[in-house]
Amino acid sequence: MGRYVIRRLLQMIPVFIGATLLIFLMVNVMGDPVAGLCGDRECDPATATQLKKEFGLDKPVWQQYLTYMGNVFTGDFGTAFNGQPVTELMATAFPVTIRLTIVAILFEIVIGITLGVVTGLRRGRPVDTGVLLLTLVVISVPTFVTGLLLQLLLGVEWGWIKPSVSSEATFGELIVPGLVLASVSLAYVTRLTRTSIAENRRSDYVRTAVAKGLPRRRVVTRHLLRNSLIPVVTFIGTDIGALMGGAIVTERIFNIHGVGFQLYQGILRQNTQTVVGFVTVLVLVFLVANLLVDLLYAVLDPRIRYA
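For the record, in the sequence shown the residue sitting at position 114 is 114 according to UniProt numbering, with numbers rising by one throughout.
In case anyone wonders, no lab produced these hints; they're calculated from the structure.
Glycine included, each C-beta is placed from N, C-alpha and C at the ideal position.
Do not rely on the hints blindly, as some may be mistaken.
Restraint-style ranges between C-beta atoms, simulated for each label pair [what the hints assert, rightly or not]: (1) R122 to E88: 23 to 33 Å; (2) L21 to L133: 43 to 53 Å; (3) P163 to W62: 40 to 50 Å; (4) V156 to R202: 47 to 57 Å; (5) S167 to I267: 43 to 53 Å; (6) E88 to R202: 14 to 24 Å; (7) A242 to I111: 31 to 41 Å; (8) R218 to I267: 23 to 33 Å; (9) R8 to P95: 25 to 35 Å.
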């Protein structure tokens, strides 16, 4: 196991460098960031030259990237164009988005897996058909429509929640935004769990457990569910990074000042340091989540061993 972890960590290095290089190149072709600093009016040549020199934009892109990566390994993600260090923006934004992601993941695990198990064990029955239709509707409706609809009904019409989240962004305030963020993924988790449960029900090890006279609950939890959760865990693990990076729409709807909000502001103002810094951390989150998923395989399936 130790050798496997070390090998995976070494594999992360080229992936991390390649992903950050691609992001850096894509962000640098978005436009002229100096033009965004000057607002609606065009910068005069002297001011533009001074700003480019101050932020290192006068150097070649490859040199900018090497300088940026050297600073990243020392914990310096650069300075935003407003003069605020990017690490300070991260310190305020990431805790909020992490709480929002935790709420969304809990919805996926609790509701998605539960509905998947119920429908997988009752395949072809009315409850199975109803849940399949419901998940299909959720997948078909865009997230911004779901968010605006829940905000209008629960926040404006019925007054059950506040239409916008406060600056504290407590777990209680993030329940509805977390549900909106997790809605599509929750539907996929439900359908994936249902399919996996239905397929593994016909496996030999399940029939053997039933023939031995084991209680139904033990057959489902100890034998059927553990093996059926492997593809579900894979999906949820890769979805962690996607939820954190894809929270732009949800955070905009509910006025949540998290990672999505900062990314939106950075793209809008062509603030390359902010965008690249936040996406770099998201790449690390995605890589670590995938490593943890691979290690969970051995916990769920005793047949899987890493040398």
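Here is how each hint holds up against the structure:
1. R122 to E88: 23 to 33 Å: 52 Å, violated
2. L21 to L133: 43 to 53 Å: 44 Å, holds
3. P163 to W62: 40 to 50 Å: 47 Å, holds
4. V156 to R202: 47 to 57 Å: 49 Å, holds
5. S167 to I267: 43 to 53 Å: Taking Cβ atoms as reference, S167 and I267 lie about 22 Å apart, which means the hint is violated.
6. E88 to R202: 14 to 24 Å: With Cβ atoms ~56 Å apart, the hint is violated.
7. A242 to I111: 31 to 41 Å: 18 Å, violated
8. R218 to I267: 23 to 33 Å: For I267 against R218, whose Cβ atoms are near 52 Å apart, the range 23 to 33 Å is violated.
9. R8 to P95: 25 to 35 Å: Distance hint for R8, P95 holds at roughly 27 Å.
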